[in-house]
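Line by line, the protein sequences are chains G and U. In case it helps, the numbering used here puts the first sequence at residues 3 to 352. In case it helps, the numbering used here puts the second sequence at residues 3 to 352.
Derived from the structure by calculation, the hints contain no laboratory data. Certain hints may be false.
Repeated chains share a single entry, so a pair holds when one copy, or any two copies, can fit it.
To be verified - No more than 30 Å apart at the CA atoms, straight line, and that leaves these computed lysine-lysine pairs for DSS-like:
(1) 278 / 249
(2) 226 / 249
(3) 337 / 28
(4) 63 / 192
(5) 336 / 122
(6) 212 / 76
(7) 192 / 278
(8) 212 / 94
(9) 249 / 76
(10) 28 / 212
(11) 278 / 336
(12) 76 / 192
(13) 212 / 249
(14) 226 / 76
(15) 54 / 226
(16) 28 / 63
None of these values were measured; they are calculated from a predicted model.
2 protein chains.
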Amino acid sequence: MSTALTIALDAMGGDRAPGIVIEGIKLVRERSPNVCFILFGDEKQLQPLVVKGPQLSEYVKIHHTDEFVTNEMKPSAALRNLPNSSMALAIKAVRNGEAAGVVSAGNTGALMALAKFVLKTLPGIDRPAIATFLPSMRRDVVMLDLGANLECDTNNFLQFAIMGEVFAKVVLGLPEPVVGLLNVGEEELKGHGYLREAAAILREADLPSKFHGFIEGNDILEGKVDVVVTDGFTGNVALKTAEGVSKFYTHILSEAFRSSLFSRLSYLLARSTLRKVRQRVDPRRYNGAMLLGLNGIVVKSHGGTDALGFANALGVAIDMVTFGFNDTIIQEFKKLEVDNVPLTKETAPA
Amino acid sequence: MSTALTIALDAMGGDRAPGIVIEGIKLVRERSPNVCFILFGDEKQLQPLVVKGPQLSEYVKIHHTDEFVTNEMKPSAALRNLPNSSMALAIKAVRNGEAAGVVSAGNTGALMALAKFVLKTLPGIDRPAIATFLPSMRRDVVMLDLGANLECDTNNFLQFAIMGEVFAKVVLGLPEPVVGLLNVGEEELKGHGYLREAAAILREADLPSKFHGFIEGNDILEGKVDVVVTDGFTGNVALKTAEGVSKFYTHILSEAFRSSLFSRLSYLLARSTLRKVRQRVDPRRYNGAMLLGLNGIVVKSHGGTDALGFANALGVAIDMVTFGFNDTIIQEFKKLEVDNVPLTKETAPA
Chain G
3 MSTALTIALD
13 AMGGDRAPGI
23 VIEGIKLVRE
33 RSPNVCFILF
43 GDEKQLQPLV
53 VKGPQLSEYV
63 KIHHTDEFVT
73 NEMKPSAALR
83 NLPNSSMALA
93 IKAVRNGEAA
103 GVVSAGNTGA
113 LMALAKFVLK
123 TLPGIDRPAI
133 ATFLPSMRRD
143 VVMLDLGANL
153 ECDTNNFLQF
163 AIMGEVFAKV
173 VLGLPEPVVG
183 LLNVGEEELK
193 GHGYLREAAA
203 ILREADLPSK
213 FHGFIEGNDI
223 LEGKVDVVVT
233 DGFTGNVALK
243 TAEGVSKFYT
253 HILSEAFRSS
263 LFSRLSYLLA
273 RSTLRKVRQR
283 VDPRRYNGAM
293 LLGLNGIVVK
303 SHGGTDALGF
313 ANALGVAIDM
323 VTFGFNDTII
333 QEFKKLEVDN
343 VPLTKETAPA
Chain U
3 MSTALTIALD
13 AMGGDRAPGI
23 VIEGIKLVRE
33 RSPNVCFILF
43 GDEKQLQPLV
53 VKGPQLSEYV
63 KIHHTDEFVT
73 NEMKPSAALR
83 NLPNSSMALA
93 IKAVRNGEAA
103 GVVSAGNTGA
113 LMALAKFVLK
123 TLPGIDRPAI
133 ATFLPSMRRD
143 VVMLDLGANL
153 ECDTNNFLQF
163 AIMGEVFAKV
173 VLGLPEPVVG
183 LLNVGEEELK
193 GHGYLREAAA
203 ILREADLPSK
213 FHGFIEGNDI
223 LEGKVDVVVT
233 DGFTGNVALK
243 TAEGVSKFYT
253 HILSEAFRSS
263 LFSRLSYLLA
273 RSTLRKVRQR
283 VDPRRYNGAM
293 LLGLNGIVVK
303 SHGGTDALGF
313 ANALGVAIDM
323 VTFGFNDTII
333 QEFKKLEVDN
343 VPLTKETAPA
């Protein structure tokens with residue numbers, strides 16, 4: 003029998019909080035019956051919701067606060083002016099050992115700033131990264147960074163590669179994930195200097211993952227690699243462009259199937275097939291952006307998601323705790339240190 | 003009656019040259035009966051194809067050469083070692099006034115290098131850019147740069163904005179195109195410093211286009227703006243990611259409609275509707291990347307396209323010549339010079 007695991011929740015973050023937070027908890031408990039939750043937020047709003055749910059009060063504790071980080075707030079303001087926000091307190095619960103991980107659907111910038119300040123980075127990691135997983139023609143793919151670091155150097159890329167590889171191994175369960183660096187061409191001479199330098203080191207170093215080399219934008223959803231490493235600017239644009247194209251397809255498909263009486267009729271028959279397609283790309287299935295490289299598990303849920311999406315973000319956090327994501331990262335970096343691979347600014351030759 | 007217009011063709015560029023070049027010419031003549039062509043390439047291969055076509059020899063001239071730029075060739079090698087390649091000679095025909103524009107389905111890097119060297123940039127333009135148009139939920143969108151300039155400064159962005167706006171006006175026929183700068187957020191304080199600087203100038207300068215501000219990746223196919231301005235690295239990744247997602251959708255739709263007997267049957271009815279969707283995103287409709295900012299019209303066709311796609315690339319070149327794309331660019335920059343807007347390195351304050 004496994005021991006109970008506690009997740010801290012910023013119960014006030016997201017467009018539909020705290021309602022979907024409570025509903026998400028109920029859903030995830032069906033899959034993970036040993037998990038307990040601490041809800042940080044407004045007791046007046048939370049208490050009635052917890053009381054209403056069946057047995058909810060048995061595995062949910064409320065920690066009251068009336069400070070909340072809004073979506074419009076600058077990260078620096080959240081950091082300086084709101085030491086007791088529901089987001090800050092949930093992160094502190096991880097630092098203090100009261101919870102094994104934290105999930106928030108609130109302000110991403112504030113979550114990253116607070117998590118960095120409170121939890122600090124893991125040994126060997128210069129800068130944390132935001133990662134997510136995406137569908138592909140082969141299997142799910144991890145991509146990072148998605149916006150935490152607009153500019154990256156060679157060391158950042160190497161650290162992202164290792165973190166992505168560990169995520170693919172321990173959370174997605176791939177035995178030998180393959181890493182690719184996102185670039186504008188596959189040839190060794192293409193792209194920014196720091197990308198070519200990172201590729202050269204990844205090619206030669208005895209890293210735990212297999213390095214494919216450079217990949218291009220179209221390779222991401224073809225599933226050419228399992229881990230896509232890029233800087234936060236490019237990753238953010240690529241991810242949002244992919245989301246935009248996905249929305250565009252949904253739009254033109256629905257437009258086409260409403261364009262005539264005949265196409266409306268054909269839709270009635272095609273409906274179940276189209277539903278299968280929609281399920282495969284359901285953004286709720288891919289909800290949960292991981293803040294990797296911190297001394298604690300931190301997962302960001304999409305702000306506009308529903309209970310099912312929030313439950314999936316909770317599931318990601320639970321998996322990362324259960325499969326020892328951070329411990330594996332620490333071990334990988336210790337091994338590399340022994341092998342004297344220059345991966346951080348401190349150990350890199352001047 | 004309009005006078006004849008001549009387009010120079012690199013008849014040996016692309017995976018299926020010279021066959022699709024000839025077929026493309028035939029198709030485009032149906033739309034533009036006044037256009038003549040000079041084919042640069044191997045006479046032995048070209049002559050039989052021209053003789054076979056009905057009246058083809060009336061509007062097609064062959065200029066023999068046996069030097070060809072391959073896809074694997076480095077741009078510098080094409081520039082230095084092959085002064086008489088079919089690509090180089092076709093570009094020189096534009097410089098010498100024998101042709102009004104050039105189209106090639108060959109090596110993009112070599113085409114850009116040769117075109118820059120032979121044609122030089124337009125007055126006011128520091129660096130040419132690669133542009134294309136894309137479908138969106140509203141109407142077609144122009145995006146640039148797509149890979150000519152991996153790193154861009156503020157002036158480059160301003161010049162791209164003007165070139166994109168002129169393209170949207172004179173080729174897509176939009177009366178008042180709106181320009182957006184691709185970034186990781188819409189707020190003024192987001193993103194790289196040079197992006198914020200470019201946005202500040204675009205906001206205040208009395209430019210011919212309307213400036214929307216920053217847009218994000220998902221806004222591209224939503225059609226939030228008519229012209230998407232970005233650096234060549236980001237633009238290349240965004241475009242290829244979009245292509246990848248598009249391919250992914252085609253793949254999962256076809257997989258779903260083959261997954262059971264019932265879905266196969268429903269496909270029979272849905273086929274005409276799905277064909278409409280496919281037509282709307284047909285890459286051949288969007289074939290033709292424009293090398294903007296050069297002293298001559300240069301269009302790159304996709305290397306793997308067919309006759310219809312090649313004809314569309316020809317159509318883009320013909321439209322750019324017919325609607326005076328380059329003359330409009332020159333006029334816009336002259337106007338700005340009078341208004342003393344700092345747009346090039348020469349006129350920018352130190």
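Review point. Which numbered hints does this structure break?
Key: 3, 4, 7, 8, 10, 11, 15
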